[in-house]
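Enquirer: Can you build the whole structure from these sequences, using the hints too?
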Amino acid sequence: MRYSQIFIPTLKEAPADAEIASHQYMVRAGLIRQLASGIYSTLPLGLRVIRKIENIIREEMDRIGGQEVFLPSIQPSELWKESGRWDFYGKELLRIRDRHDREFCYGPTHEEVITDLVRKEVKSYKQLPLTFYQIQTKFRDEVRPRFGIMRGREFMMKDAYSFHPDEESVNKTYDDMARAYSNIFERCGLEYKKVEADTGAIGGARSHEFHVLADSGEDEIGFCDICDFASNLELAQRRIPSETGEAENQDAKAIEEISTPGKKTIEEVTSFLSITPQEIIKTVIFESNAGLVAGLCRGDREINPIKLKKLLDCEWLHPADQSKQDDSIAYGYIGPIGLKLPMYADAEILQMPQAVAGANKTDCHLTGIYPPRDLSTIKTGDICFAKANDPCPQCDKGTLQVKRGVELGHIFVLGNKYSKSMKAHFLDANGKEQAMIMGCYGIGVGRTAAAAIEQLHDEKGICWPKSIAPFQIEVIPVNIKDEATVTAAETLYKTLTQNGIETLLDDRPERAGIKFKDADLLGLPIQIIIGPKTLQEGLVELRIRKSGGTLSIPLDQASEKAQKILTEL
RNA sequence: CGGGAUGUAGCGCAGCCUGGUAGCGCACUUCGUUCGGGACGAAGGGGCCGGAAGUUCAAAUCUUCUCAUCCCGACCA
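Counting along the first sequence from 1, when you hit position 251 you're at 1011 in my numbering, and nothing is skipped either side.
No wet-lab data here; the hints were simulated from the structure.
In this text, a Cβ means the ideal position worked out from N, Cα and C, and glycines have one as well.
Please note: incorrect hints may appear among the correct ones.
Listed below are the simulated BS3-like cross-link pairs for lysine-lysine, each with C-alpha atoms no more than 25 Å apart in a straight line [claimed, not checked]: (1) 883 - 1177; (2) 1306 - 1277; (3) 1183 - 883; (4) 1180 - 1070; (5) 772 - 1100; (6) 883 - 932; (7) 1306 - 1226; (8) 886 - 1177; (9) 1147 - 1220; (10) 1070 - 1147; (11) 1241 - 1192; (12) 1180 - 1192; (13) 886 - 841; (14) 1139 - 1100; (15) 1226 - 953; (16) 880 - 1192; (17) 1139 - 1070; (18) 1241 - 1254; (19) 1177 - 1070; (20) 1147 - 1226; (21) 1157 - 1139.
If you anchor each label on the Cβ, the simulated ranges turn out as follows [what the hints assert, rightly or not]: (22) 796 - 1296: 18 to 24 Å; (23) 1139 - 832: 44 to 50 Å; (24) 959 - 1024: 19 to 25 Å.
Expert: Structure representation (structure tokens):
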């Protein structure tokens, strides 16, 4: 492709509303342009990257027996009412009406549509299992779109759905899918992590996310520095302290009330009493469908509502709104002794040899609490977030590292949630009617491109991995007024193109500096620079974008050499 | 949905406090010189200052409302 024939509007300066590197470079390198909040146009160069990723995904999906389909993005409300999600999904679901005033939505996901398709066509176990996938635009009316294409409202997604007669079958496809995902991200040249994930409201049995580690990521990933344990921090298990026994304290003192006027926060109390947060029991009030409850943990910990909810086994739970609660709760001075609420404690507190806690009385705290003695009746469990340097919950030796990650893929075993509510039934070998078992699997395609930039860039621009680079090689004639330069560049361009190398020839009548800056910004893996000076000696310059390394090679070997280096990249 | 900020030429910004009819850099057009890391000179083109209402002789500037965009948080199959 000639630069003069492809629209690549590069920008010298980053737009003011782009915060993170990938967003800035996607705009600056002319890959995308914004239309509205969270809605972007993809330009020719950007589309080439998207297509590359799509094709890798297609190959890997096809390899595990996935069949590509293309489902409607506009979906009738009836299906969503049937699955129960018309009400449940909330404002994220963009609802629209047609001229007959019939309700539709713009699909944020396609469980309903695919389940409807399969239930109509599949009646027998002999037709199962089935795996369908599609690559298509989704719309989710996010409250707060951000980071450009990273978290858009309209976005390109590969979604796949599988249907099975039994657990064994779904688990096999799930494992295949997990391997396919690893292959995909590997082939995209990304450093990724497969992590345990929350099944969320979907409530399936198994779920993993695929994350690319990047500081701008929105999730926190905890992983062991020794074994292969990796988990989204929102659910990462901890090594439960109670397993290692309760704290012993022969000299346990009696509980004593002390005056702590105005000292409400952990910070204020620790500095006032000259103690550490590890010596404080923090008490947090939550509101749930079972009423108000209190969660207890060590002062340096944060309670994880998801874990607490599981321990309570309740429907919903969230931190109580302090402003609207009654005066019987002394906020800032809450503690487990004498609190008239159901209490749940993190098991770690039983390891505290002595503790300070609120006295449930304004301006007072209690000291000398010995949890194994004073709080033994409280139900305990793992209700806190794991954090960096916690012992690994899987192996004996490792400690937890925490890094931020961008979620590129998510796979679920769905079970029969949709097949049941939407009556996707089949007859098994015994002639018995059963609900199909389902799995669903997603990859954010545009987000993968953004994450690649996030992971592979420098101060000059993008450094594409060759597999998803819009072109592999950029040929740069330094001065197009020099006939020999142009001839050499044209010849090399033709040779490379004929050999199937996607090559961009910068044939613009621009000065060398501009071409170099743009080339670095676009980030094609290899640049071949042709100029009059070196050409006199029959040489051209080959530059590897990522390392910045250059080497002089004879013009007549340039094509061959470049192809060789490309395969080694 | 709560908090914060910003809307002035394609992009980045100044002007606003202290009202007097819009400016800088880059980009763009033409000509000349230059030509291996975002050249130089000269001459140009482009903006109802996000929108509406109000105050005023006069509004980019003051007031009110509204819309949009971004950031932080809550939320997130």
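Enquirer: Each of the hints needs a verdict: does it hold here or not?
Expert: Cross-check of the supplied hints:
| no. | hint | in the structure |
| --- | --- | --- |
| 1 | 883 - 1177 | 18 Å, holds |
| 2 | 1306 - 1277 | 14 Å, holds |
| 3 | 1183 - 883 | 11 Å, holds |
| 4 | 1180 - 1070 | 24 Å, holds |
| 5 | 772 - 1100 | 63 Å, violated |
| 6 | 883 - 932 | 21 Å, holds |
| 7 | 1306 - 1226 | 11 Å, holds |
| 8 | 886 - 1177 | 22 Å, holds |
| 9 | 1147 - 1220 | 35 Å, violated |
| 10 | 1070 - 1147 | 19 Å, holds |
| 11 | 1241 - 1192 | 79 Å, violated |
| 12 | 1180 - 1192 | 15 Å, holds |
| 13 | 886 - 841 | 30 Å, violated |
| 14 | 1139 - 1100 | 15 Å, holds |
| 15 | 1226 - 953 | 21 Å, holds |
| 16 | 880 - 1192 | 18 Å, holds |
| 17 | 1139 - 1070 | 13 Å, holds |
| 18 | 1241 - 1254 | 19 Å, holds |
| 19 | 1177 - 1070 | 19 Å, holds |
| 20 | 1147 - 1226 | 36 Å, violated |
| 21 | 1157 - 1139 | 28 Å, violated |
| 22 | 796 - 1296: 18 to 24 Å | 53 Å, violated |
| 23 | 1139 - 832: 44 to 50 Å | 49 Å, holds |
| 24 | 959 - 1024: 19 to 25 Å | 37 Å, violated |
Hints 5, 9, 11, 13, 20, 21, 22 and 24, counting from the list given before, are not met by this structure.
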